[in-house]
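Chain order of the listed sequences is B and H. Heads up: the first sequence begins at 113 in our numbering, then just goes up one per residue. Heads up: the second sequence begins at 508 in our numbering, then just goes up one per residue.
No lab work stands behind these hints: they were computed from the structure. Small disclaimer: the values here were computed from a predicted structure and weren't measured. Just to be clear, a hint being listed does not mean it is correct.
What the hints assert, rightly or not - Some chain B residues close to chain H (C-beta under 7 Å, calculated; not the full set):
(1) Q138
(2) R304
(3) H308
(4) F312
(5) F350
From the three backbone atoms N, C-alpha and C, an ideal C-beta is built for every residue, glycine too.
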Amino acid sequence: MSLPLPESVDAVIALLAAENYVCDRQLATALFLSLKLKRPLFLEGAPGVGKTELAKTLARALNTLLLRVQCYEGLDVAQTAYEWNVARQMIEIRLAEAAHEVDRETLARKLYSRELLIERPLLQALTQTRSPVLLIDELDRADEPFDAFLLEVLAENQLTIPEYGTVVAAEPPITLITSNRTREIHDALKRRCLYHWVGFPTVERELDIVRLKAPGASERLYRQVVEFVQRMRTLDLFKSPGVAETIDWTNALVALNTLQLDPASVQDTLGVLLKHQDDLVKMQNGDTAKLLDELKAKALL
Amino acid sequence: MIADNIVHFARVLRGAGMAIGPDRVLAALAAVELVGLQRRDDVHAALSAVMLERHEQQPLFDAAFDTFWRDPKLLEQMMYLLLPKISGRGDKQRPPRANRLAEALSAPKAPEPPNPANQTAKEEVQFDTHFTFSDRERLQKADFETMTTAEYELAKRLAEQMPLPVEPVRRRRHAPAASARDGGRLDLRATLQRMARQPHTLAPLYTRPREELPALVVLLDISGSMDRYSRLMLHYVHGLMRRALRVHTLTFGTRLTNITRCLKERDPDVALKLADEQVQDWKGGTRIASSLEEFNRLWARRLLGANAALLLVTDGLDRDEHGDLSAAAAQLHRLAHRVVWLNPLLRYEGFEAKASGVRALLPHVDRFLPVHNLASLADLGAALRSAPVAPHSLLH
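Excised from the complex, chain B in its bound form (with noise of 0.2 Å):
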């Protein structure tokens, strides 16, 4: 069975737009062409922008299944594709003895049938019966050879076991890489996608992502908050502040019942905006006070 997929750019915002995810208008041609073209998708951006809820969200507008492989170093076939279940081979094996069976042919067919076969993300994206979407998160974080690994399934959605054959998908998989790019991905991988880099939001977009996402703020808070970490991600931090910080910001001042930003909301909350030491250090000497001022010079303080 296959999916219904939108049959235009607009149709693709309309589809998450209805789950909530505000999405520009580029990124929703990258999504729709692979789709389309049956390629998977390569989303490149800084941490919390967006790429993995866009993987989330489209599994949920589809009404499909979403599979994710979180990436790390040391990953293998084992925990990503297909794995034998050596343990019910063994038994296989002695059960065999014991009932005296003696077709050595019979027992390797059982011995390296689908039964024993345990499905891990990779394996279980080509057998489904509906198209899942198929999340390889932070790809970057994996190493070199499993690049190299995913080239099969990412390019012909087939996946080679030796033992066994080759299996095929019937319906393939929406695939969706994410990284961070805390290194380069080999170029033979990102030959076989469609790239995007997931950029900050504009401030309409992100006011939109915001008065979504963290409900509950006055029009003016939202303003603010978004006002002041789009000047943050212009200054020389270590870190720039994503839109979940945002959101997550936008949250915490709620919970603190705060109305405007004020110096003291501002410096007690940092800490759900910026995560690193010397950001921090740096933003409390001078520069909160000096983007609070830029914004009451702009009349929204």
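Using the hints, position chain H against chain B.
For chain H alone, coordinates are given in the frame of chain B:
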């Protein structure tokens, strides 16, 4: 019509240094067909999704797209103007490989008459160390414009055979092992496969964590005081890149430049020429603190993942009035798995850390490699083989 245009557009981008193969052109055609030609931003988004590979290519692509949409002919001319700046490679810029080529073309020198008196002694020396005295002499006089064959061989040997300034790290990936010692574990799948081949025997197979050399990031000081060493270090780093090791190289003087792509060129002379063109601040002043800060902010997270080690090549003489060297070095130390400082400017044995820059750097390095008057690749080899100096012992 649109197909012609896209093929043309791809060719222009390819000329500007972007790797756009025929597969991408086909994908671009399909993409434009799908999104339609009604909206300009849709076509832009579609083409960039298909043709881009890295975020850095976006400005170039945007500029090309904007111009192309107006006038393809104009774009082509503009791209030619841009070409030398962007491409960074291409045959036109290859310098002549003067020295080595001339040597190769000239008639071979007549072999020296063998001198039976010192033949055995000479051989012993060569076995002991690859670097003979005469080699060193010639290197000192070389102007490093292009390498001679001897230098080339020496640099290659040095990079291949010398111990690296970094230690191998234990990975989470496993490799077959003889026993379960050192964090090993039983490999059930392999054991069962072997049992299928040799029934009646139960011989468990093991794996254990693989050890491999980490990626190496080289931060190379190319300021005036380091002038004599930077070219030599570049040859060494170029040699390292030929070894199966991931090496990223950045130079700094008054600004920070990533020259990894230049050094990927196989020929060391071409690689150095390309690096020479890219780096703007040879032999200038040093701003170690701001350079390290910039590295921490822009590159550290991209390059220092997966336990990468950092090789800092500098004399530690900072002329930076603004930066806080100690803080920058401390942050670098937290970001890198290992920081090795190679200081090629120690002229005497009884070195004491007196310069403020040196004092600021020393507490934040894991290994200190002082090279006494580095004059040749051979000296560098000797330094790499020498016992490490504990950085903290020098501070008192």
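Each hint, compared with the structure:
The beta carbon of B/Q138 is positioned within 7 Å of a beta carbon in chain H (closest approach about 4 Å), and the interface hint is therefore held. Hint status for B/R304: violated, given a least beta-carbon distance of 9 Å to chain H, over 7 Å. Interface hint status for B/H308: upheld, as the beta-carbon distance to the closest one in chain H is roughly 6 Å, under 7 Å. Against a cut-off of 7 Å between C-beta atoms, the interface hint on B/F312 is violated, since the closest Cβ of chain H lies about 13 Å away.
Checking B/F350 against chain H: minimum C-beta separation of about 6 Å stays under 7 Å; hint holds.
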